[in-house]
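J.: Residue numbers (the numbering used here): 76 to 243.
Keep in mind that a hint or two might mislead.
[Said to hold, decoys possible] Simulated pairs of lysine-lysine, DSSO-like, Cα-Cα distance not exceeding 30 Å:
(1) 243 <-> 136
(2) 238 <-> 136
(3) 112 <-> 136
(4) 243 <-> 91
(5) 139 <-> 83
(6) 190 <-> 238
(7) 243 <-> 139
(8) 136 <-> 148
(9) 230 <-> 91
(10) 91 <-> 190
(11) 190 <-> 139
(12) 230 <-> 243
(13) 148 <-> 202
(14) 139 <-> 202
(15) 190 <-> 136
(16) 148 <-> 83
(17) 148 <-> 190
(18) 148 <-> 112
(19) 243 <-> 112
(20) 202 <-> 190
(21) 190 <-> 83
(22) 243 <-> 202
(23) 190 <-> 112
(24) 139 <-> 112
(25) 112 <-> 238
(26) 136 <-> 83
(27) 230 <-> 190
Hints are computed from structural coordinates only; laboratory data are not their basis.
This one's a predicted model, so the numbers in the text were calculated from it and none came from an experiment.
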Amino acid sequence: MDTTTQQKMIDSALFKAAMRRITSTVTIVTSEGISGKEGLTATAVTSLSDTPPSLLVCVNKQSKAHDVILRNKTFSIHLLNEHQEAVSNTFAGYTDRQGDDKFSIVEWADQGQYKSMEGALATIHCKLIEAHNGFTHNILIGEITEITLSDENDKPLLYGNGKYTSIK
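Build out the structure end to end from the sequences listed, making use of the hints.
T.: In structure tokens, the structure reads:
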């Protein structure tokens, strides 16, 4: 790539087209606490460190869940299995379900302080440590406080190039 290409302003459509080609595990990010309960679908989730165990998630500042997570100072990441497309679509806002009604699409197991999504391959509960400005999104860093693993042998739900898929 030459310098001329590198210095061009990248337009939003080109950027989004390139990012769609990254296939990622589909997760639901939820937060429940004094400031309410909210959730969203996210693929921008990654491990950060094992000491202390931590991860990061990128959340759009315009999403309803964004401010709820910041005020509650906790969030959970639920890794969806290959059969949970409807759950992903609901939390992504592609259905009529809003607010608490989104949560009724799936069963929840009470794990004491947290709730874990039934059928999720894993649920990772976090205490919000930091939020960093990432332009349209905030990069939320969470210290992991609890992990629940599923006994299921399902494969993860993946999303790439505008469609759901799974490991063949």
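J.: What are the numbers of the hints the structure violates, in ascending order?
T.: Failing hints, ascending: 1, 5, 7, 10, 16, 19, 21, 22.
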